[in-house]
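S.K.: So the chains spell out like this:
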Amino acid sequence: MTLTVAFMVGWLTACGVYLLLRARTLPVILGLVLLSHAANLVLFLGGGVPAEVRPPLVGSGEGPMADPLPQALVLTAVVISFAMTAFVLILALRNRRSLKSDHVDGERRES
Amino acid sequence: MSQALILPVLIPLVAGVIQVPWRSIEPQRVIAFVALAAQAVVAVWLLSAAASEPAVFRLGGWEAPHGIVLVGDRLGTLMLALSTALAAAVLVYVVVGDDKRGRAFHPLFQFQLAGLAMAFLTGDLFNLFVAFEVLLIASYGLLLHGGGGRRHRSAFHYVMLNLAGSLLFLVALGLLYRVAGTLNMAQLGPALAELSGTGRAVAEAAVLLLVAVFGLKAAAFPLSVWLGATYGAALVPVAALFAIMTKVGIYAILRLDTTVLAGLDFGIGPVLHYAGLATVAVGALGTLAAERITDVVSYLLLVSVGTLLLAFGLPEAAGLRGGLYYLVHTTLVTAGLYLLGGVIARQRVPLDDGLQAGAPLAQPLLLGALFTVGAVAVIGLPPLSGFLGKLMILQAPLEHGQRLLGIWAALLGAALVALFVLARAGSTLFWKQGMPSGPQRTAPWGTLVPPAVLLAASVALAAAAGPADRWLAAAADDLRHSEGYRTAVIGEDRGGQP
Chain A
0 MTLTVAFMVG
10 WLTACGVYLL
20 LRARTLPVIL
30 GLVLLSHAAN
40 LVLFLGGGVP
50 AEVRPPLVGS
60 GEGPMADPLP
70 QALVLTAVVI
80 SFAMTAFVLI
90 LALRNRRSLK
100 SDHVDGERRE
110 S
Chain B
0 MSQALILPVL
10 IPLVAGVIQV
20 PWRSIEPQRV
30 IAFVALAAQA
40 VVAVWLLSAA
50 ASEPAVFRLG
60 GWEAPHGIVL
70 VGDRLGTLML
80 ALSTALAAAV
90 LVYVVVGDDK
100 RGRAFHPLFQ
110 FQLAGLAMAF
120 LTGDLFNLFV
130 AFEVLLIASY
140 GLLLHGGGGR
150 RHRSAFHYVM
160 LNLAGSLLFL
170 VALGLLYRVA
180 GTLNMAQLGP
190 ALAELSGTGR
200 AVAEAAVLLL
210 VAVFGLKAAA
220 FPLSVWLGAT
230 YGAALVPVAA
240 LFAIMTKVGI
250 YAILRLDTTV
260 LAGLDFGIGP
270 VLHYAGLATV
280 AVGALGTLAA
290 ERITDVVSYL
300 LLVSVGTLLL
310 AFGLPEAAGL
320 RGGLYYLVHT
330 TLVTAGLYLL
340 GGVIARQRVP
350 LDDGLQAGAP
360 LAQPLLLGAL
370 FTVGAVAVIG
380 LPPLSGFLGK
390 LMILQAPLEH
400 GQRLLGIWAA
410 LLGAALVALF
420 VLARAGSTLF
430 WKQGMPSGPQ
440 RTAPWGTLVP
450 PAVLLAASVA
460 LAAAAGPADR
470 WLAAAADDLR
480 HSEGYRTAVI
490 GEDRGGQP
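In the order they appear, the protein sequences are chains A and B. Heads up: the first sequence begins at 0 in numbering that gives the first Met the number 0, then just goes up one per residue. Heads up: the second sequence begins at 0 in numbering that gives the first Met the number 0, then just goes up one per residue.
Calculated directly from the structure, the hints in this document are not laboratory data.
Computed Cβ-Cβ distance ranges for the label pairs, DEER-style:
1) A:T75 / B:G490: 22 to 30 Å
2) A:T75 / B:G433: 52 to 60 Å
3) A:T75 / B:K99: 31 to 39 Å
4) A:T75 / B:T371: 46 to 54 Å
Some residues of chain A that are not near chain B, with every Cβ distance over 10 Å (derived):
5) A22
6) S59
7) A65
Yeah, the Cβ is synthetic: ideal placement off N, Cα and C, and Gly gets one too.
Hey, can you work out the whole structure from these sequences and the hints?
M.R.: Take a look at the structure:
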C-alpha cells in the first residue's frame with residue numbers, strides 16, 4: 000500500500016512538472032493542480048498510510064488510529080490551493096485577453 | 000497582555016474587510032490611516048514588551064503541537080515594527096493619487112499587512128505557510144494594481160513561481176511532521192535532535208527544501224530571476240512595500256536556522272554562504288546592465304539580500320548582530336530609493352524612469368540631495384548606516400577566520416560597483432540635459448515626505464547606532480541561545496519534549 004501511494008505521488012509529480020514546463024498557460028495551470036495533489040498526498044501520508052490505520056473517529060474499530068492533525072493540515076492546504084488555482088486561472092484569462100496570446104511570456108506566435 | 004499578539008493580525012484584517020464594500024476612495028483612506036495608527040501603537044508596545052521576555056499566546060488555549068502559538072520575541076516584533084513603519088511611508092505616498100489607479104488597493108494593502116504580521120509572529124511552521132499564502136495572494140493583487148500588459152505578464156510568472164514554491168513548502172512540512180511529529184518551531188529542534196538513520200535523512204531533505212522555498216521568497220540566487228521583472232513592473236509604492244517581502248524570506252531562513260536548528264548540523268550555513276556570494280555577484284552585474292532607476296534599485300535590493308545571506312550563513316551565528324542592523328537599514332533605504340525613483344520619474348515625463356539624459360528636473364536641488372543621501376547609505380559609504388552595517392558584517396568572520404575572503408571580496412566589490420553605477424545614474428539624472436525643458440511639475444509634499452523620512456532613517460540609524468546596536472545585540476543573543484524561546488513556548492517542565 001505504501002508503495003502504491005508513493006508511486007502515485009511520484010507519477011503525479013512527474014506529470015505535474017512536465018505540464019508546468021509547457022509554454023501555454025492552461026497546461027501550466029493543470030500542472031500546478033497535479034503538483035498540488037501530489038503535495039497534499041505527501042502531507043496526508045504524514046498521518047499514516049490509509050490501509051494500515053483506521054479513521055480518527057471514536058468507535059470506528061480496532062487498531063491504530065490515523066493522526067488527525069495532517070488531515071486538518073491537508074484540508075487547509077486544499078482550500079488554499081483551490082483558491083489559488085481559481086485566481087491564476089482568472090489571471091491567465093485576463094492575460095489572454097490583454098496580451099492576445101496564451102503563451103506564458105505573452106508573445107504572439109503563429110501555431 | 001499576551002493576547003495582544005493577535006492584534007497586529009486582526010487590526011488589518013478587520014480594516015480590510017470593512018474597506019471592501021466602500022466604492023469611493025476617501026472612506027477607505029480614512030480607515031487605512033486609523034488602522035495603521037492602531038497597528039503602529041500595538042507594534043511599538045509589543046516591541047517594548049519583548050525586551051523583557053518573549054510573549055506567547057496560545058490561540059484558543061490549545062497546546063502545541065495541536066494548537067498554534069504566536070510568539071513575540073525581539074526578532075519577530077522588530078520585523079513587525081519595521082513592516083509597519085514601511086507601510087506608513089507607502090500609505091502616505093500612495094494617497095496622493097496612485098491608489099485610485101485600480102480598485103481595491105487599500106483592502107489588499109491591509110491583507111498584505113495582516114499576512115506579514117502573521118508571518119513574523121507565528122511560532123508554527125504550518126501557520127507560517129498560511130501567512131505566506133495570505134501575504135502572497137494580497138501581493139498578487141497589489142502587483143497587478145494599475146493594470147497593463149507588462150504587469151500582467153510578470154504577475155503570471157510571479158504567481159506561478161510562488162505557487163510552485165508553496166507546494167514544495169507543503170511537501171517539506173509533510174515530511175517534517177512525519178518524522179518529528181510536530182511543526183511547532185520550539186518543539187521541532189529537540190525532536191529533530193533525536194532522529195537518526197532514515198528519519199534524520201528525511202529531516203535533512205525537508206529542511207533543505209524549506210531553505211529552497213524561503214530562498215525563493217528571499218530571491219536568493221539561482222531563485223532570484225523573478226525579482227527584477229516583478230519589481231520593475233510593479234507600481235513604485237507597491238515595489239517599495241515589496242522591499243519587506245524579500246526580508247520575509249530572509250526572516251524565515253533566520254528563524255529556521257536559529258530557532259529550529261539551533262545546535263544541529265543540517266548543513267544550511269554553506270548553502271547560505273554560496274547562495275549569498277552568487278546573489279551579490281548577480282545583483283552587482285544587474286545594476287551595471289539596468290537601464291531604469293527602478294531596475295537599479297531592484298538589483299541593489301538583490302545585492303542586499305546576498306549580503307544578508309552571507310551574514311546569516313556564518314558559522315556560530317557570528318554575523319547575526321551586524322546582519323540584523325543591516326536588515327533594518329536596507330529595508331528602509333531600499334524602499335526610500337524606490338519612492339524617490341518614483342518622484343524623479345514623474346518629473347521626467349517622456350523618459351519616465353529611463354536612465355537617459357532628459358529635460359531638467361523641476362526640483363533638482365532637493366531631489367539631488369535626497370538621491371545623494373540614499374546613494375551614500377545604500378553603497379555603504381561613511382557616515383551613514385550602510386557603512387556601519389557592512390562594517391559589522393565584514394568584522395564578523397574575523398572572529399574565527401572562516402569564509403573571510405569570500406565575504407570581503409563580495410561586499411567590497413559590490414560596493415565599488417554600486418558606487419560607480421549610482422554616480423553614473425546621478426550625473427545622468429541631475430546634470431546631463433538631452434532635451435529642452437518642458438512644463439515643470441513640482442512634486443506634491445505627500446510624495447516627497449515618505450522617501451525623505453525613509454532615507455533620514457538611515458541618518459537616524461547611524462546617529463543612534465549605539466543604542467540600536469545594543470538592542471540588536473540582545474536580539475542576536477536571544478537567537479543564539481534559543482532555550483529562552485523554547486522555555487517560553489513549551490515550558491520548562493517538559494524539557495522541550497513534544
